[in-house]
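Novice: Single-letter residue listing:
Number of protein chains: 4
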Amino acid sequence: MGAHADTRSDGRAGVRAPAPAGVCPVLLTPFRPDGEVDEDGFVRVVDHLLAVGARSVMFPGFASEVLALSDDEREHLSMVLLERTARREDVTAVVSVPDYATHHAVRRAARLVEAGADAINVLPPHQLAPPVESVLAHLEQLLTAVHPVPVVLQHAPLQTGTALTVPTIRALAERHRNLAAVKVESQPPGRTISALLDSETPIPSIIGHAGQQLPDALDRGAIGVQPGCSFTELYLRVWHQWEAGEPAAARRLHTRMLPYLSSWMQDVNVIVGAEKIVAMRRGLIGSDHCRAPVRELDDGERASVDAFLDEFGAELPEVGP
Amino acid sequence: MGAHADTRSDGRAGVRAPAPAGVCPVLLTPFRPDGEVDEDGFVRVVDHLLAVGARSVMFPGFASEVLALSDDEREHLSMVLLERTARREDVTAVVSVPDYATHHAVRRAARLVEAGADAINVLPPHQLAPPVESVLAHLEQLLTAVHPVPVVLQHAPLQTGTALTVPTIRALAERHRNLAAVKVESQPPGRTISALLDSETPIPSIIGHAGQQLPDALDRGAIGVQPGCSFTELYLRVWHQWEAGEPAAARRLHTRMLPYLSSWMQDVNVIVGAEKIVAMRRGLIGSDHCRAPVRELDDGERASVDAFLDEFGAELPEVGP
Amino acid sequence: MGAHADTRSDGRAGVRAPAPAGVCPVLLTPFRPDGEVDEDGFVRVVDHLLAVGARSVMFPGFASEVLALSDDEREHLSMVLLERTARREDVTAVVSVPDYATHHAVRRAARLVEAGADAINVLPPHQLAPPVESVLAHLEQLLTAVHPVPVVLQHAPLQTGTALTVPTIRALAERHRNLAAVKVESQPPGRTISALLDSETPIPSIIGHAGQQLPDALDRGAIGVQPGCSFTELYLRVWHQWEAGEPAAARRLHTRMLPYLSSWMQDVNVIVGAEKIVAMRRGLIGSDHCRAPVRELDDGERASVDAFLDEFGAELPEVGP
Amino acid sequence: MGAHADTRSDGRAGVRAPAPAGVCPVLLTPFRPDGEVDEDGFVRVVDHLLAVGARSVMFPGFASEVLALSDDEREHLSMVLLERTARREDVTAVVSVPDYATHHAVRRAARLVEAGADAINVLPPHQLAPPVESVLAHLEQLLTAVHPVPVVLQHAPLQTGTALTVPTIRALAERHRNLAAVKVESQPPGRTISALLDSETPIPSIIGHAGQQLPDALDRGAIGVQPGCSFTELYLRVWHQWEAGEPAAARRLHTRMLPYLSSWMQDVNVIVGAEKIVAMRRGLIGSDHCRAPVRELDDGERASVDAFLDEFGAELPEVGP
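Here the protein sequences come in this chain order: A, B, C and D.
Every letter in the first sequence is one number past the one before it in my numbering, and letter 248, counting from 1, is 248.
To get my numbering, take the position in the second sequence, counting from 1, and add 321.
To get my numbering, take the position in the third sequence, counting from 1, and add 642.
To get my numbering, take the position in the fourth sequence, counting from 1, and add 963.
Note that these hints are calculated values from the structure, not bench results.
Among these hints, one or two may not hold up.
[Stated by the list, open to error] Reference excerpt, derived from the structure (chain A facing chain B, CB under 7 Å, subset only): (1) Ser186; (2) Pro188; (3) Thr255; (4) Pro317.
[As the list claims (entries may be wrong)] Cβ-Cβ distance ranges computed for the label pairs, FRET-style: (5) D:Gln1090 <-> C:Asp940: 41 to 47 Å; (6) B:Glu632 <-> A:Glu311: 17 to 23 Å; (7) A:Asp306 <-> B:Thr489: 29 to 35 Å; (8) D:Glu1274 <-> A:His147: 46 to 52 Å; (9) D:Asp997 <-> A:Asp40: 36 to 42 Å.
Note that the Cβ used here is the ideal one computed from N, Cα and C, for glycine as well.
Only chain A is shown next, with the shape it has when bound in the complex:
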């Protein structure tokens, strides 16, 4: 989108800003075989996702190999994304701010909103285990800086060891109406989704982790899912079936995906590598290169990608150049 006109009018006291709902794929970062960013491939991925029906996209997350990107690379690709979505009023571009220093996180978030970000995702600082007060101050300053643009708080205690608890998040949401949603990546996510809704200030959830627990999340009221981006068509179909009142069909398709998701999601490196192979086979990107340090897929893991494409290939057509 880019204009925020509607969003801003929703920012008034008492009405929570709208969060990115539905299937919101996390963009991969394509690299050339020499390790340089393939910007054309990135644009092709964005365009493909919008073409198949995604109405929100997120960048950069762990699925984007965010740790392997320089500050400049992630800022530049974020801007490329925002240019691409600027004229699409129907598309929500969510840009993530994983910066450690509050100083930088607040400035980057403001810059991204200025450039047209429709929502900001924030990964709380976690290295060196900062005290919860300082993590809260980080979040509050960022929420204030981008108000009334909606903010998604990424809650991934296993990866980040963050000290944020449900009561703490609830108190934060009471003070900041633009805390629009929590991306729940705790294990298991279900009870956190329920606990966040069970409040006088209910907070909607977005489910991560490749949507492995998507049916449970939907049962509990999640409003969105942020999987990878190389087989978005499948997630969209699950979502549409659920919305169309056909949960049994949605579950059936999800269960077919589960052997792959539950295997690949055991290791971030494996799911990123598997997604890149799928994207390359579909013609979305020219190379499945992942930036080191990385755990390369072994033969068995590569075989599981082949099996996935055998099973779902007909539903995941090749993308022309």
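Dock chains B, C and D against chain A, hints included.
Specialist: For chains B, C and D alone, kept in the frame of chain A given last:
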């Protein structure tokens, strides 16, 4: 079994002791509502498992709430198990030794073998991060003490942070022919299973974690699986289909189980609680009490147990008193 | 002591039970060279500590190699301690309850109080990261079961990852007057000591970690210290100097000890090993055996024990048989 | 220095490149009260350190608040440092490369060497626990790219969870003569220092952690120490006394520092905050601002900085503008 006659004859140099193969359920510990051990229930569970076709059982593991048992309770229940399997030449009783002190672990293992244990499972000491040399010494003394009885090494780096690597395990296996198998609970387990086999001293693997990755494990040569014990019939059917040369059928059944396994296995407390509800509903045990401290199942998690029983109830008949 | 008469009269609403104050050494567990418990040595250590002026002792802690003791061994040695202190009205015997299961922790605590324990130390369950609600329930049941006997809550987040925060502890202390003190082993402990006192329900602290931060702890109002037990005379002198209004002298002695404490406390295995060598050289115990798995002291670490005895030997006389 | 002429001639097979020896302070990053980098202050700190006799300096480390710096800020300040040391043939400028992606780490290291870095410090990638093979590949590519410039490998397993062991480091050093030293920040460091030297390919160590274990490290053969930078004069005096054959005097001074070091080093935030106050009081920097998220010093911690300056003020003169 209890006699070790066959096992001992296999213990000669150059031939690895036979590991417990196939489906080897980990026994739950039934508690009465007041928290006391329900020994009758324990016996009923053992008898049921043997009746439905399990040819090996393991006790105690995390699925047995081993952390909540006193030394006396786990020793006593181990002995109850061994009495029950003593006359069954066709059944392999695997007893686990999670003791921290090498002094106690070696003595307990010897005692259990004396009492008829067919194999010993060893959880390496991990609290306070002991140096790898002392962990190896622990394992070597135990292997020597019970020789030629086969030993299964439990490899659960996420829970235990153990410093054991594949090369370390391989070197240990070269010196100890009764290191019969590794119970692989790393994430993902697949590449570890392959790496352990890809050696001049190939080491067979047993897969844990509720058999969530069972098809991949079988593809890679795993010789056994150690799930919980309340729906063993399903695992046995998957196993028999695979052995009968019907891997597609095996995968289909496993995929049907996966929504439940992949959800419950996110938290040890949840899968233990879910298994106990299933066991109680089937009439195996009188109470689904878990000893605190524990994370109680919430409504959504209880609903998933109901859904599981709706789906598989016909295949998991009630057990008469 | 053993009678609790005085303690119980203090247990009335509104008055916090008295915590063990001053220097409270944690008893080591002497082993014979073959690894068996040396009960005579244990009694000799207790008697020595009382003879040199300790008025409270604690058992078992990490310094007692508690992980390496069986349930029976720690129960038996606890009872030996309580027999030894039974007739000493001036001595506070603190017995620790590290049991994981609430079921066992509550019963053991009650048994120890029955046998004459003057105070109970509780290490909250932490393996498998139980939810904070269940840890609180564990503590509450134990506090109730032993009321009005004072309880010391061990707060060692680095070792145990416990989710207990200062506000949580404060709320617990408001409901349980016999939550007498917190043994603070967070790093750094100082701000936790201050935060626990800065409340309408001030909670006194006892400092652990070999008293490495003792002067800061005293400045902030700590009421006790729980170091090891092989050079208690030095800690007693620091304490008495401080109480006598000679903090500069206390600091000087403490600073002389600091090169050794700050080195040894980097690794639990090292300080336990170093303390055992000191105790053996002083004639307190017959062997410095530590139960494996353990990190053995290397030459440089042994040299530092020699240097310590060179420096402080005159102040730490040999103990006759 | 900047020329590498001498260094390069040492890079021949069989001779290890010379590591930065002696006292090598880690530069702090001064911030203005508004959070912006104070470049003038940074230059003032560098000049001061060279003026008081430091012959090597390191930037950026945890003591530089490296996590709070953007890529551009740390690159720019590194270049400022290298300009300042370019004409000083007697000064070794060590620049650290903490980048996660091998792609960026190698390029940055080459750029820094081109700009005159005399040695490169590398912090191995550790987030998401990359496999040891990929960490080794990261190090090997960097070592090759900057050859024959010496490289210091930062070994901080507690902060970084790195899987590097002494045998692994030894094998790496055998293949790369410019692996000049290991910065040992394991706890305890002593046995690692000894183990790295006890080899046919002895590897020298530099001690970190504020030099808290400096005497032990020197006893074991460490060749350097990397403390903070606000009271470098004290470390230089310890070092010179030791080199002058007066270890007792060196120990005495170190022991006087120990109450402060052992307290502050419990928390990276505290020692960074304390060092900044000292630097500000001495007139080195205009503000003691640390970038959030950070744990602010409490009253007791501030009092300990006052006590430090009371004790050592005469030895740490104010620095004129």
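Novice: Which constraints among the numbered hints does this structure fail? Numbers only, ascending.
Specialist: 1, 4, 5
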